[in-house]
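Here are the chains, one letter per residue:
Protein chains: 2
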Amino acid sequence: MQEEILNAVAELRQLDPPERAEALSGFPADQARLIFEQLEAPLQQEMLELLPEQQVDRLVEDLDPDDRVRLLDALPEEVVQTLLAHLTRREWRLTHKLLAFPEESAGRIMSPEYLPLSPDHTAAEALSLVHREGRKVVTINVLPVLDEEDRLAGLVSLGALVLAEPDDRVGDLMMDQVPTVAPETDQEEVARLIQAADLLALPVVDESQKVLGLITVDDAMDVIQLEEEEDFARAGASEPLDRPYFSISMLGLTRARLIWLLLLAVAGALTVNVLAAFESLLERVISLSLFIPLLIGVGGNSGAQSATTVVRAMATGDVSEAGTLRVVARETGVGFLLGTGLGLLAWLPVYVLFDPAMAATVSLTLVAICTLATLVGSGMPLLAQRLGIDPAVVSAPVVTTLVDASGLLVYFLIARTVMQL
Amino acid sequence: MQEEILNAVAELRQLDPPERAEALSGFPADQARLIFEQLEAPLQQEMLELLPEQQVDRLVEDLDPDDRVRLLDALPEEVVQTLLAHLTRREWRLTHKLLAFPEESAGRIMSPEYLPLSPDHTAAEALSLVHREGRKVVTINVLPVLDEEDRLAGLVSLGALVLAEPDDRVGDLMMDQVPTVAPETDQEEVARLIQAADLLALPVVDESQKVLGLITVDDAMDVIQLEEEEDFARAGASEPLDRPYFSISMLGLTRARLIWLLLLAVAGALTVNVLAAFESLLERVISLSLFIPLLIGVGGNSGAQSATTVVRAMATGDVSEAGTLRVVARETGVGFLLGTGLGLLAWLPVYVLFDPAMAATVSLTLVAICTLATLVGSGMPLLAQRLGIDPAVVSAPVVTTLVDASGLLVYFLIARTVMQL
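For the record, the sequence lines run as chains R and Z. Quick note on numbering: this note's numbering labels position 212 of the first sequence as 212, and the sequence is numbered without any gaps. Quick note on numbering: this note's numbering labels position 149 of the second sequence as 1149, and the sequence is numbered without any gaps.
In case anyone wonders, no lab produced these hints; they're calculated from the structure. The beta-carbon is built from N, C-alpha and C at its ideal position, and this holds for glycine as well. Heads up, a few of these hints could be off.
Cβ pair distances, simulated, as ranges [what the hints assert, rightly or not]: (1) Glu113/R x Glu1019/Z: 43 to 49 Å; (2) Arg1326/Z x Glu61/R: 37 to 43 Å; (3) Asp242/R x Glu1207/Z: 38 to 44 Å; (4) Leu383/R x Leu1383/Z: 35 to 41 Å; (5) Asp242/R x Tyr1351/Z: 34 to 40 Å; (6) Ala41/R x Leu1413/Z: 44 to 50 Å; (7) Glu283/R x Tyr1351/Z: 21 to 27 Å; (8) Gln420/R x Glu1019/Z: 52 to 58 Å; (9) Thr417/R x Val1080/Z: 43 to 49 Å; (10) Gln1014/Z x Glu40/R: 37 to 43 Å.
Simulated coverage check for chain Z against chain R, where a stretch passes if three residues somewhere in it have a Cβ under 8 Å from a Cβ of chain R [to be verified]: (11) 1069-1076; (12) 1281-1293.
Next comes chain R alone, as it looks inside the complex (with noise of 0.2 Å):
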């Protein structure tokens, strides 16, 4: 795309609505198109409200058919009815074929036009068959290869056509065994998995491997961003933004956040009922309370570390859910050894500032909550993802809190042992 595009995608983001619908109008059509394109949904609902109908619906036309779905899923169900009321026939047909699929499955993400070749294609006869039908299709950097039954065969990259001799066949150029997704699969997948092979566009095929579509690079970057968004807003109790910072109200940030610190607040209220069952055993050793932010933060911060850790291994593909048992004995495994290290080095300081019994409460404390956080976060995700819920939603924030209760159980019992009272 080219640098002044780039600008105007960004001066508009800072715009306020009205303005931001009036300077789209200041461009040449082509140029709205793809600085229309680029902006969030949102922020493309807004100006379709206020921008006249027949440039409403010039735009909307003039979308590549995954990126109006993505455009039409944010919308009101009427005024989805309208736009697709006013797209030409073709255009109409190519929509409905992707809302079809489920949200966020490749069905949704793919480009339903490709240029298909013939493995008895030449080289020669392949370009200049692109050269002519090329124009009417999203991409031309990666071709599918279909059979005599109109199965997928293979791919074969523009770059290989052209550096092939004229003569050389179709066949022997493509790549065969290419990786493929069924409609159905999650876009998440379908991205790590272009990344991870490096390529281009990735075919979709329906069970007799007939190919439905391409999803291109640039889109599987735009489903990696959207998903790394939700992922670390999840991780910092929040949920992602859907729009550019600075266009959200602080009302509508503050909305945005209260019901995560509302359940959190809720659930933390545990640690409440905890305290208050072993008051007394708290007013005979009052120093016992000198030590509860400390532990409970220690804990927080290794429930933190094995449930990003596991979430991150889910994410990118490491952890299977074969794995499973394996990842959470093996955290498990860690928590009690960073226990053990901390609790050794605390030792000494507590045992000096306070007495021996105190000291061997804290250590021993320290083994028992950085075993127990570090089961409690490595297990949350995986049963989450067990329970078809994004492991997201439980990590680190989730996992803090429930520690924080559990843990303080676990001090204040053995408190009570190691200093029988």
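Since the structure of chain R is provided, determine the placement of chain Z on it from the hints.
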């Protein structure tokens, strides 16, 4: 990349180092190179120590210059010197060129070989040039167009050349005003630019607009993944793993995390001091201790929300350095709103279960602690950036630890005032 290569990479990742080296030797040389290229640098390093010298030289010689530099970065100096000495003159020259640029810069990840076109070439001439010379360079999907003084005039895609009429001039087909970067530009900024502009390759140019190399989209995807790993791991209080999860021993995982936990625990020891300073207050009103974990938990979570939002917005370029003060002001405002909301909700249950003074103390502390936490949470990463530190280093865990101690101080000061003790 073919599916069998992908599968081989996944399998080799699971093996122990000696088995991994042996398995690689079993593949034909060209497949072995593709597999080797996809493995993480530490795994590559282990294999180099285990494979026969001749195969090592062959593997390193066959790598693309930018992949080779990435590998060399991970190796000890004497191994680097031996490997460099065994390279052919041409590959040696290319490698040295890249090694001259700072780590994590555009210069390190670019491909220094490219095929230059002239604006006066016709499309047919350009295609025949690519046909003859294209095998020598890493990417032919995008080609730089140079003016008569060898300065970058624009970029043309191979697709555009194929779609054009044979007589069309490259100067008319090319995209002028393309985004470019300097060789010193940070690799993350480069990757984000490639993503934002949907480019297949981005030119790296010197001050006089001479092209030094091209950065391809697959390199950009790898950079984004690495940088995300880093941000995500640090948000979870650890350092990113540089190799697959299961290839790291439990002791290795423990070592990687212990230093973070230890630093946070030392900072967390501040909380012991704060509590000790208010020990007599705690003795008189023991129920004050019941709310400690809940209050610092809420503070930690709202601080983590701010830190995560700001770190993310900075990484994606939503928040520039100029907007710093505005971000901190907004976040602190959001914190005040969140605290007010939670304070209002908490008042009734605490009033009913405890007493009016405790209800006032808890509610006021929630307002203060959320405001404070969002101030620290947004301020720390922005301050870190000013100081040239990766903002992710001071995200959620550090913010939470700082808010623990300062939040307790605020809690007891409010309690002393409200309860007039």
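Do the hints match the structure? See the list:
no., hint, result
1, Glu113/R x Glu1019/Z: 43 to 49 Å, "46 Å, holds"
2, Arg1326/Z x Glu61/R: 37 to 43 Å, "38 Å, holds"
3, Asp242/R x Glu1207/Z: 38 to 44 Å, "40 Å, holds"
4, Leu383/R x Leu1383/Z: 35 to 41 Å, "38 Å, holds"
5, Asp242/R x Tyr1351/Z: 34 to 40 Å, "38 Å, holds"
6, Ala41/R x Leu1413/Z: 44 to 50 Å, "46 Å, holds"
7, Glu283/R x Tyr1351/Z: 21 to 27 Å, "23 Å, holds"
8, Gln420/R x Glu1019/Z: 52 to 58 Å, "54 Å, holds"
9, Thr417/R x Val1080/Z: 43 to 49 Å, "56 Å, violated"
10, Gln1014/Z x Glu40/R: 37 to 43 Å, "39 Å, holds"
11, 1069-1076, "violated (count 0)"
12, 1281-1293, "holds (count 9)"
Violated hints for the displayed structure, listed by number in ascending order: 9, 11.
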